[in-house]
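2 protein chains.
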Amino acid sequence: MSTATVSDRVFNFSAGPATLPLKVLQEAQENLLCLPGVGASILEISHRSPPFEAIIGSAEADMRKLLNISDDYAVLFLQGGATTQFSMVPLNFLNKEKSADYILQGAWSKKAIGEAKKCGNVNVVWDGSSEKFSRVPTQEEIKPTSGAAYLHMTSNETIEGIEFHYDPNTGNVPLVCDASSDFMHRPLDMKNFSLIYAGAQKNVGPAGSCVVIIRKDLLEQQVAGPHHTMLDYKKMVAGGSMHNTPPVFTIYILSLVMKWLVNDIGGLDKMHELNQKKANLLYDYMDASGGYYKPHAQKGSRSLMNVTWRMRDEDLEKKFIKEAKAARLDGLKGHRDVGGLRASLYNAFPYEGVEALVGFMKEFVKNNG
Amino acid sequence: MSTATVSDRVFNFSAGPATLPLKVLQEAQENLLCLPGVGASILEISHRSPPFEAIIGSAEADMRKLLNISDDYAVLFLQGGATTQFSMVPLNFLNKEKSADYILQGAWSKKAIGEAKKCGNVNVVWDGSSEKFSRVPTQEEIKPTSGAAYLHMTSNETIEGIEFHYDPNTGNVPLVCDASSDFMHRPLDMKNFSLIYAGAQKNVGPAGSCVVIIRKDLLEQQVAGPHHTMLDYKKMVAGGSMHNTPPVFTIYILSLVMKWLVNDIGGLDKMHELNQKKANLLYDYMDASGGYYKPHAQKGSRSLMNVTWRMRDEDLEKKFIKEAKAARLDGLKGHRDVGGLRASLYNAFPYEGVEALVGFMKEFVKNNG
Numbered sequence: 001m002s003t004a005t006v007s008d009r010v011f012n013f014s015a016g017p018a019t020l021p022l023k024v025l026q027e028a029q030e031n032l033l034c035l036p037g038v039g040a041s042i043l044e045i046s047h048r049s050p051p052f053e054a055i056i057g058s059a060e061a062d063m064r065k066l067l068n069i070s071d072d073y074a075v076l077f078l079q080g081g082a083t084t085q086f087s088m089v090p091l092n093f094l095n096k097e098k099s100a101d102y103i104l105q106g107a108w109s110k111k112a113i114g115e116a117k118k119c120g121n122v123n124v125v126w127d128g129s130s131e132k133f134s135r136v137p138t139q140e141e142i143k144p145t146s147g148a149a150y151l152h153m154t155s156n157e158t159i160e161g162i163e164f165h166y167d168p169n170t171g172n173v174p175l176v177c178d179a180s181s182d183f184m185h186r187p188l189d190m191k192n193f194s195l196i197y198a199g200a201q202k203n204v205g206p207a208g209s210c211v212v213i214i215r216k217d218l219l220e221q222q223v224a225g226p227h228h229t230m231l232d233y234k235k236m237v238a239g240g241s242m243h244n245t246p247p248v249f250t251i252y253i254l255s256l257v258m259k260w261l262v263n264d265i266g267g268l269d270k271m272h273e274l275n276q277k278k279a280n281l282l283y284d285y286m287d288a289s290g291g292y293y294k295p296h297a298q299k300g301s302r303s304l305m306n307v308t309w310r311m312r313d314e315d316l317e318k319k320f321i322k323e324a325k326a327a328r329l330d331g332l333k334g335h336r337d338v339g340g341l342r343a344s345l346y347n348a349f350p351y352e353g354v355e356a357l358v359g360f361m362k363e364f365v366k367n368n369g
Numbered sequence: 370m371s372t373a374t375v376s377d378r379v380f381n382f383s384a385g386p387a388t389l390p391l392k393v394l395q396e397a398q399e400n401l402l403c404l405p406g407v408g409a410s411i412l413e414i415s416h417r418s419p420p421f422e423a424i425i426g427s428a429e430a431d432m433r434k435l436l437n438i439s440d441d442y443a444v445l446f447l448q449g450g451a452t453t454q455f456s457m458v459p460l461n462f463l464n465k466e467k468s469a470d471y472i473l474q475g476a477w478s479k480k481a482i483g484e485a486k487k488c489g490n491v492n493v494v495w496d497g498s499s500e501k502f503s504r505v506p507t508q509e510e511i512k513p514t515s516g517a518a519y520l521h522m523t524s525n526e527t528i529e530g531i532e533f534h535y536d537p538n539t540g541n542v543p544l545v546c547d548a549s550s551d552f553m554h555r556p557l558d559m560k561n562f563s564l565i566y567a568g569a570q571k572n573v574g575p576a577g578s579c580v581v582i583i584r585k586d587l588l589e590q591q592v593a594g595p596h597h598t599m600l601d602y603k604k605m606v607a608g609g610s611m612h613n614t615p616p617v618f619t620i621y622i623l624s625l626v627m628k629w630l631v632n633d634i635g636g637l638d639k640m641h642e643l644n645q646k647k648a649n650l651l652y653d654y655m656d657a658s659g660g661y662y663k664p665h666a667q668k669g670s671r672s673l674m675n676v677t678w679r680m681r682d683e684d685l686e687k688k689f690i691k692e693a694k695a696a697r698l699d700g701l702k703g704h705r706d707v708g709g710l711r712a713s714l715y716n717a718f719p720y721e722g723v724e725a726l727v728g729f730m731k732e733f734v735k736n737n738g
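Line order of the protein sequences matches chains A and B. Position 188, counted from 1, in the first sequence is what this note's numbering calls 188; the numbers after and before it change by one each time, with no gaps. Numbering-wise, this note's numbering comes out as the position in the second sequence, counting from 1, plus 369.
Mixed in with the good hints, there may be bad ones.
Quick list of in silico lysine-lysine cross-link-like pairs, BS3-like style, CA-CA up to 27 angstroms [claimed, not checked]:
(1) A:Lys319 <-> A:Lys366
(2) B:Lys646 <-> B:Lys585
(3) B:Lys604 <-> A:Lys117
(4) B:Lys487 <-> A:Lys235
(5) B:Lys603 <-> A:Lys117
(6) B:Lys604 <-> A:Lys118
(7) A:Lys98 <-> B:Lys480
(8) B:Lys434 <-> B:Lys465
(9) B:Lys585 <-> A:Lys118
(10) B:Lys487 <-> B:Lys646
(11) B:Lys604 <-> A:Lys110
(12) A:Lys98 <-> A:Lys234
(13) A:Lys98 <-> A:Lys118
(14) A:Lys117 <-> A:Lys143
(15) A:Lys96 <-> B:Lys487
(16) B:Lys467 <-> A:Lys96
(17) B:Lys646 <-> B:Lys479
(18) A:Lys191 <-> A:Lys98
(19) B:Lys487 <-> A:Lys117
(20) B:Lys687 <-> A:Lys118
(21) B:Lys604 <-> A:Lys111
(22) B:Lys687 <-> B:Lys501
(23) A:Lys235 <-> B:Lys479
(24) A:Lys96 <-> B:Lys486
(25) A:Lys132 <-> A:Lys366
(26) B:Lys465 <-> A:Lys118
(27) A:Lys98 <-> B:Lys465
(28) B:Lys663 <-> A:Lys235
It should be emphasised that the hints constitute simulated quantities derived from the structure, not laboratory data.
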């Protein structure tokens, strides 16, 4: 097959791995044989070499700047995705003598709860299943358990398309947040969180890296061991994400995405504005479609990252997905667990792609009304 | 900085991450913006998409062909490197009621033992520390414990540069092998092994992927749980390496390396011949250097992958490393734990690089005799 070019690229609505900034891909491509001044590919250099130390250092420094992360927190680049964090959080902070609070708000928080139960007692402090996970709880509905090791929330449920638009106040109970699918799409007030983790293959990089931001004083709450090295936050912090060989290339791409956020976007306030503009275009059109397109999420909990909706019946949904793909709008099929449609509009997804989708949706109504 | 080109590439003796085949880097570069026929970068496509299913499928099929792996074994692409396997093996097969045998033969097996002790009883069946880890044990020196859950060996110790050139017979005790630094540099007789794992950033891919080959009937020996999902071989086998998002790009590069081994090298017999030729050139020269260059490993245990040696004193070693780097021979510094020099000659490292090194060594003797 011949080489594909930029003009062959489709609008990729995939829920993750997902669209990356074209500028990042171009820089990575240009330097893939040989990093300037280094004499070898980023795929080949030692993780202990000064060039990689500079890369991981700049990734962390830019992330700290963008999210305004103080020295009270450590920033880790780990492996195994959010699913490994589902275990790592309770393995460090929960045991049979303790309990932890979990908000059950969708498919991913359900999995997190499953792993936590292997370590200790879980209090489900709010359960959204009776509303088909169509919203997140209000502040009033979240009642932390006194003495709980932590309270776990999922800031954005990728599958259902619901998102927190406020930071819960959990009083003395440390707040732990799975931010996999909305990490760095807006500014955060870090002081509200004791630990944030994110599988990085949405807004900040390709598959294979996981970011953890952890308050250093939370480490003192670690339960008695022994702790396996790769699952021990204390050892990971002590080793500066390099206890063993980190996923070098993934962190390199992440460092380029951070530079794009700083230099090309101009920070997370600007990013958030753009993300609101993209999601609103789609939600507003659906709200005005007279029920032809029915958003799953309740107003107030609608995700800016994953817009989910249903149509009249499954046959029509299948037709929509098929014709959209032919129109170069790819990845719109909803998750197999819930069906329907999903458009993921992560940071790097362009506004023009949403315009193209809405244009297609209008045509589709005309032809299938 | 301007774009670097192929001619800027140095000879990279790094112990891992390490040199990859130029052809692999070139193909990855060509398609980095957009996989032909797909419309998106390999860094952006869903791991559940048909294009990625084809990639991971071809990676596994080629690996099975190259190593002659039967259906009695599952092949897994996991994350977290060999260090995670140090824990995952005992978490699955060892507990306080059981014991496991470990060969202590260098820095990496020592770390594996450290993690295993967190799960159950460890019998160190052979200890090479009194000989400064300069050789592996003979078959006669390995006495498996009756009833041991498994016996753990390290086929190549990267830091000390010693390697097994035979497969130990462990009778009824399942043999588990950390093959991180010599995986796929030669053919294997899989029936001698119950489980092989390898951090993939040496011979088969970039940092961030770990290959595990496991006999399916070993899964029945799993100790009672609960087992955390990401650390549970049964769940990983059931999910076909895709329980959660795998490191897509790393597996893609690995698939290209497999194609290179099949099509360009012509299989692992050919690869082994070439690796012997490379290592022998260097060892033979050092043996004839009248003690100027002193190989660390004893004959019979010398690694084809990591050639380690000492010189008269540390100042001379430092001078050697500095001048070699200036001569475009990079990454020759020994591991910080043992000092000295190390030349890693993995599969993709070219014969011309060893010729260049030997040429440099001869000149260095003349100038510093």
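Hint-by-hint comparison with the structure:
| no. | hint | result |
| --- | --- | --- |
| 1 | A:Lys319 <-> A:Lys366 | holds (14 angstroms) |
| 2 | B:Lys646 <-> B:Lys585 | violated (36 angstroms) |
| 3 | B:Lys604 <-> A:Lys117 | holds (17 angstroms) |
| 4 | B:Lys487 <-> A:Lys235 | holds (15 angstroms) |
| 5 | B:Lys603 <-> A:Lys117 | holds (19 angstroms) |
| 6 | B:Lys604 <-> A:Lys118 | holds (15 angstroms) |
| 7 | A:Lys98 <-> B:Lys480 | violated (31 angstroms) |
| 8 | B:Lys434 <-> B:Lys465 | violated (39 angstroms) |
| 9 | B:Lys585 <-> A:Lys118 | holds (25 angstroms) |
| 10 | B:Lys487 <-> B:Lys646 | violated (42 angstroms) |
| 11 | B:Lys604 <-> A:Lys110 | holds (17 angstroms) |
| 12 | A:Lys98 <-> A:Lys234 | holds (20 angstroms) |
| 13 | A:Lys98 <-> A:Lys118 | holds (12 angstroms) |
| 14 | A:Lys117 <-> A:Lys143 | holds (20 angstroms) |
| 15 | A:Lys96 <-> B:Lys487 | holds (18 angstroms) |
| 16 | B:Lys467 <-> A:Lys96 | holds (23 angstroms) |
| 17 | B:Lys646 <-> B:Lys479 | violated (31 angstroms) |
| 18 | A:Lys191 <-> A:Lys98 | holds (24 angstroms) |
| 19 | B:Lys487 <-> A:Lys117 | holds (21 angstroms) |
| 20 | B:Lys687 <-> A:Lys118 | violated (51 angstroms) |
| 21 | B:Lys604 <-> A:Lys111 | holds (14 angstroms) |
| 22 | B:Lys687 <-> B:Lys501 | holds (22 angstroms) |
| 23 | A:Lys235 <-> B:Lys479 | holds (17 angstroms) |
| 24 | A:Lys96 <-> B:Lys486 | holds (22 angstroms) |
| 25 | A:Lys132 <-> A:Lys366 | violated (30 angstroms) |
| 26 | B:Lys465 <-> A:Lys118 | holds (18 angstroms) |
| 27 | A:Lys98 <-> B:Lys465 | holds (23 angstroms) |
| 28 | B:Lys663 <-> A:Lys235 | violated (36 angstroms) |
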